[in-house]
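Trainee: As a plain string of letters, each chain reads:
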Amino acid sequence: MASNGGGSSNEAWGSRIGLILAMAGNAVGLGNFLRFPRQAAANGGGSFMITYFIALLLLGIPLMWIEWGIGRHGGQYRKGHIPGMFAAIWKHPAAKYVGAVGLVVPLVVMIYYTYIESWTAAFAWFSLTKDYWGHTTQEGMIAYLQSFQSIPAEGAPVYHHEYTPYAFFIGTLFINIFVLSKGISGGIEKLAKIGMPILFVFAIILAGVVLFLPAQPGIGATPWQGLEFIYKPDYSRLGEPGVWLASAGQIFFTLSVGMCTLTAYASYLSKKDDITLNGIATAATNETAEVVLGGTIAIPAAVTFFGVTGAMAIAQSGSFNLGFATMPVVFQQLPFGNLLGVAWFGLLFFAGITSSVAMLTPITAFFREEFGFKRESVAWSLGALCLVFGLMHVHWLQHGVLDEWDYWAGTFGLVVVAVLEVIIFMWIFTPAKAWESMHQGADIRIPQIFKFIMTYVTPIYLLFILGWWGWVDALPILLNEKTAGGGPVNPADTPYITLARAIIVLFAIVAVVLIKMAWVRNKYDDRKGFALADHTGEAA
Amino acid sequence: MSTSAIVFMAGSWTFVLGLMFWSFSKLLKDQKHFDPDGLGPAVPPEPAETERGAKRS
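As given, the protein sequences belong to chains A and B, one line each in that order.
For what it's worth, my numbering labels the leading residue of the first sequence as 1, then goes sequentially.
For what it's worth, my numbering labels the leading residue of the second sequence as 1, then goes sequentially.
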């Protein structure tokens, strides 16, 4: 157990490799294998990759270091949650309330993300048992997917019992909460040490199989044409703001910045522990999973079996159709296809669960540190909360409640959190102190240019994204001029969408009240800060 | 595949794989700054690269 002055809630990482695997597991998610290839293909291929790497250097990696820095700094005062971390840096009464967003965003994302994760568990089972065998067309598999989701089109056949999605959701949530209840080294680190190697093995096997797929009769395309589809540069797209925003968005989502999970994990480190090399190792692991493996599986397979035109249509129809309809069609035409299906959905499951277990870590830390509750009690209570609101998504998927939460928490909310983090750490804490804090115990020195980037370029880049998305997407969605999923608004869905928004607002109000209660209970003085966790008696 | 696509793919893969192998080789070689149990490493920790730099200056 940590007794070295760092770490929140008296917990700690057991090994450095465990820490990095857990951090990378948190970052590597469904987006690496489903969202990235689709975004690359739809936004100019090689041109997207240019803007993608620029965003990685100006936005992704700087934010990774900032989040590791905020987290470890907060951990020195035994704060594993954003309200406490912000208050430790910015000694102002407003800091803790601004941090409420850091409790709400990961909780909301975890609830619907676990539901999507349960689809991968279900389809791994359906692959093993060959349950979808015989649905050999894209349309047939989409009908099968919609039947599983209990949203079959009118007159379409139903292949599943109504309780099937509920059962898989409850099972997946149970595994998540069980891992969380076992703590940092006993649960999350063990899961990462098992899940991440399996994920990489499955991904390497699938990438190998896909790259050597023969051209199909009547189609004539090869997997290499799929890679060409992703990487062929369309320089005319470099002038489009949409391409730059798409790549910045992808970098944002893939590294899990703004989710408050990196900060929570880093709070279990002491100031003697390196964060600069750990941070870059985590980012590099995630990028390898995304660029090398994520780009080599779904789109090249789709191009081989559906041709370039067909694959483009599939990619434009959405990531879920690509993952849950196209890939099963492909597997049915390959030897040992059901085992490859298990590998594909197993890969997605491990990518998902190593991310979702992280999402409840900040709020668990809040209840443990501020109210003294036991980890198991907090974990299972949060599990009950996630179950209640998760069932809402299972039951009302067709009404757009999941899309609504995904937009406000999983898209817009992440950028809001990141803007707050960079302003508080780099501007209020001051660049000099932030730089010094990041370099305590550092095994590598961050190139000096990044001090300038983190202080000026990253915040401006983020504010531009926030402003653009606010104007182009958030406002029309808020005014019900379009849905969060991008389509026209169905008046019948409006009450459900309003309810989904109201629940997020309710969560935010409850978070603010709980923060107020915690500060009163523990008699914190906003202007003096917190006592150091190593009992030196120093104030922050 | 066209030459330009090969160039972009090779460049992208080289960058991310190079970054990963560099960071992990450095990380596995230098187990200096990870002390979660608070008991300290088996041998006294070396000064961090940044601290060494500070002393030199």
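Read the hints as simulated data drawn from the structure, not as lab findings.
Hints should not be assumed to be uniformly reliable.
What the hints assert, rightly or not - Taking lysine-lysine and the DSS-like style, the derived pairs with C-alpha atoms no more than 25 Å apart in a straight line are:
no. : chain 1 : residue 1 : chain 2 : residue 2
1   : B       : K29       : A       : K193
2   : A       : K451      : A       : K272
3   : B       : K29       : A       : K374
4   : A       : K182      : B       : K29
5   : A       : K182      : A       : K193
6   : B       : K26       : A       : K374
7   : A       : K271      : B       : K29
8   : A       : K374      : A       : K482
9   : A       : K374      : A       : K91
10  : B       : K26       : A       : K182
11  : A       : K433      : A       : K516
12  : A       : K130      : A       : K451
13  : A       : K272      : B       : K29
14  : A       : K433      : B       : K29
15  : A       : K516      : A       : K271
16  : A       : K193      : B       : K26
Claimed, not checked - Which residues of chain B face chain A? A few of them, derived with a C-beta cut under 8 Å, are:
no. : residue
17  : M1
18  : S2
19  : A5
20  : F8
21  : M9
22  : T14
23  : F15
24  : V16
25  : L17
26  : M20
27  : F24
This structure is a prediction, so every number in the text was calculated from the model and none was measured.
For each residue, glycine too, the CB sits at the ideal point set by N, CA and C.
Trainee: Among the hints numbered above, which are violated by the structure, and what are their numbers in rising order?
Mentor: 3, 4, 6, 8, 9, 10, 11, 12, 14, 15, 22
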